[in-house]
Amino acid sequence: MATFNEEDLLHTMIGVGRRTEDAPALADLGDYLVFVEGADAGKLVEIGEDPLTIGRDARQTIVFAGDSEVSRLHARVLRRDTEIVAEDAGSTNGTFVGSQRLTEPTVLREGAVVRVGRQLLKYERRSRRDVERATELTRDLLKASNYVLSLLPPPIQTGPVRVAWKFVPSAQLGGDAFGYYWLTPDTFVFYLVDVSGHGVGSAMHSVAVMNILRQRALPGVDFKDPAQVLSSLNDRFQMGAYNGMYFTMWYGVYDTGTRTLIHGSGGHHPIYMVDALRESAQPVGASDIIIGAVPEQPFHSQTTRVPAGSSLYLFSDGVYEVATKQGDVQSLSDLVPLLAQPQQDGVTEPERLHRAISEVAATPGELDDDFSLIVLTFE
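Using my numbering, the first residue of the sequence shown is number 222, and each one after it goes up by one.
To be clear, the hints were calculated from the coordinates, so they are not data collected in a lab.
Among the hints, erroneous ones may be present.
[Said to hold, decoys possible] As a list, the in silico DSS-like pairs of lysine-lysine whose alpha-carbon atoms are at most 27 Å apart:
#1 K546 with K264
#2 K343 with K445
#3 K387 with K364
#4 K364 with K546
#5 K445 with K387
#6 K343 with K264
#7 K546 with K343
#8 K387 with K264
My request is simple: use the sequences and hints to build the entire structure.
Okay, here's the thing in structure tokens:
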């Protein structure tokens, strides 16, 4: 078997050439506002000769259209000789440097944090060469992220198995992957992979696993048998050969004629079945060991009957391990009651749950781990 080469896969995913020895960084420094919290976190804007205007109005240099606490023209940051100055522009809610509300133009020291509405902007001096590299890397990672998204199957809105999903990586690239397809006219296969960690390395690992599953490139394996699939992947992806990375996986095969689901799990938490009347959410199946930990580890298949009108909820741990505003971390037991709540008109089930979970997060709308949730409904 060929050795998995992360650099080759990254080259394939984002189409960038391999770098030779880096040239020395240029000595010239630029003055920048770095978006540290709020919209577009991580973005940089250089402070040039023209003032930077900040506000909700589209005519400003830096626009925060979605922040109701930001005025149409809220603040300015500008250069005066060798100094960088921040000033409020008559905003309703004020402009702050640290905890101090600005009442007059104020010189910013390097590292000072400016707050407008819910947005935090930090003043930093950086090498322009480093900023150019970071911008290039961001563009490349966006290409890679789009590549990962292109591998995910489209939702299925009609037929004996309907599928809706929501995928939100916590970083620009995630370690989650999932797929589903009709193996035969009567046999529907679906699975979810959750690689340890997230970022470029985890994304490449999940793409490698997903491509093998999509191409059914496991010689001698019956893809109707979850135990065979999990065992073969476990032998192929031993963590000792992949920088300590492992993954959990849930794999299911549904037979429309018998309404039976054959399934297996490698270290993955249970999926949940919600009945047609939405009276309860029940766990489905037990789990074997994680994929990649122990060579030649046996895995097992289990069988569950799927009643008409029921739905299966398959998800990664990023859906329920959520840091909250209260400073704690939710668990699986916090998620389960949400699964059987009434559906919302015009909103898919994955979207309904994503909204509910995002509302309790420490930073609303931002989760610490990849969010992957698939809901399958059976006629």
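Okay, the hints, checked on the actual structure:
1. K546 with K264: With Cα atoms ~25 Å apart, K546 and K264 stay inside 27 Å; holds.
2. K343 with K445: Outside the cut-off at roughly 54 Å; violated.
3. K387 with K364: 20 Å, holds
4. K364 with K546: 33 Å, violated
5. K445 with K387: Given pair K445, K387 holds - Cα atoms ~26 Å apart, limit 27 Å.
6. K343 with K264: Distance of about 11 Å is within 27 Å: holds.
7. K546 with K343: 24 Å, holds
8. K387 with K264: Distance ~25 Å between K387 and K264 Cα, so the pair holds.
Of the numbered hints given earlier, the model fails hints 2 and 4; all others are met.
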